[in-house]
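Required output: the full structure, derived from the provided sequences and hints.
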Amino acid sequence: MCFALSIRQRRNRRGAAVLEFAVVGPVVMLLLIGFAVLTIGVFRYQQVAYLARQGARYASTHGAQYRVDNDLPAGDAAVWSEDIRTSGILPWTASMNAADLATSSSWSAGNNKANAADPGASSDPTINNSVTVTVTYAWFPEAYLVGPFSLTSSATMPMHY
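The sequence shown begins at 332 in our numbering and counts up by one.
Please note that a few of the clues may not be correct.
Pair ranges (Cβ atoms, derived) [claimed, not checked]:
no.: 1; residue 1: Arg345; residue 2: Pro479; range: 21 to 29 Å
no.: 2; residue 1: Leu350; residue 2: Val373; range: 33 to 41 Å
no.: 3; residue 1: Ala395; residue 2: Val477; range: 43 to 51 Å
no.: 4; residue 1: Leu350; residue 2: Gly372; range: 33 to 41 Å
no.: 5; residue 1: Thr370; residue 2: Asp431; range: 15 to 23 Å
no.: 6; residue 1: Pro404; residue 2: Gly478; range: 20 to 28 Å
no.: 7; residue 1: Trp438; residue 2: Gly356; range: 55 to 63 Å
no.: 8; residue 1: Ile371; residue 2: Thr487; range: 23 to 31 Å
no.: 9; residue 1: Thr467; residue 2: Val349; range: 43 to 51 Å
no.: 10; residue 1: Ala474; residue 2: Thr392; range: 37 to 45 Å
no.: 11; residue 1: Asn459; residue 2: Ala425; range: 41 to 49 Å
no.: 12; residue 1: Gly372; residue 2: Tyr492; range: 32 to 40 Å
no.: 13; residue 1: Pro489; residue 2: Gly372; range: 25 to 33 Å
no.: 14; residue 1: Leu362; residue 2: Asn460; range: 44 to 52 Å
Calculated from the structure, these hints are not laboratory results.
Every residue, glycine too, gets a C-beta built ideally from N, C-alpha and C.
Structure (structure tokens):
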């Protein structure tokens, strides 16, 4: 009698697994796709941070003295900012839309005194010039549900050249 009852219960639950999967399957797929899109967003932010550091590195070694030594026109802040964008940032924008990328550069004014370790230097401390590069990227998530999100990163480095 137990055997007959077991068969009857199994026959009544034949479509239960399909129904459970129909409810749970889309939720699991939505979560997996959401995690994938979130992972891509984190990757894009890391790219923006990397681009800011690359731009600051380029700017720190391509300052006014670099222009003098290479017989380039002195230019102004706008010319330098465009040079940082085209030569220091855009070559590193793998798989990013350059039209969605905004950059800005600013320089702090140091006192350009001799090195503090120089025995001939006065007691005033040396304040180095520094450059700050800010990169902003308008990221539109690959799932096309929301967005765009503004990803921003800044990097500051001392001027070396």
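To see whether the hints hold, each was checked on the structure:
A hinted range of 21 to 29 Å for the beta carbons of Arg345 and Pro479 is inconsistent with their spacing of about 48 Å. Hint check: Leu350 to Val373, Cβ distance near 36 Å, so the stated range 33 to 41 Å holds. The hinted range of 43 to 51 Å is satisfied by Ala395 and Val477, whose Cβ atoms lie roughly 44 Å apart. A C-beta distance of roughly 34 Å is found between Leu350 and Gly372, which places it inside the suggested range of 33 to 41 Å.
Between Thr370 and Asp431 the CB atoms are about 19 Å apart, so this pair conforms to the stated range of 15 to 23 Å. Range check, Pro404 to Gly478: about 41 Å between beta-carbon atoms, so the 20 to 28 Å window is missed. In this structure, Trp438 and Gly356 meet the distance hint of 55 to 63 Å, their C-beta atoms being roughly 56 Å apart. For Ile371 paired with Thr487, a C-beta distance near 28 Å keeps the hint of 23 to 31 Å intact.
With their beta carbons about 48 Å apart, Thr467 and Val349 fall inside the hinted range of 43 to 51 Å. The hint said 37 to 45 Å for the Cβ distance between Ala474 and Thr392, and at roughly 40 Å that hint holds. The given range of 41 to 49 Å is broken by Asn459 and Ala425, whose C-beta atoms sit roughly 32 Å from each other. Our hint of 32 to 40 Å for Gly372 and Tyr492 holds, since their Cβ atoms are close to 36 Å apart.
For Pro489 and Gly372, the Cβ-Cβ distance of about 32 Å falls inside the hinted range of 25 to 33 Å, so the restraint holds. Checked against the hint of 44 to 52 Å, the pair Leu362 and Asn460 passes, with Cβ atoms roughly 49 Å apart.
Violation of the numbered hints given earlier is confined to hints 1, 6 and 11; the remaining hints are satisfied by the structure.
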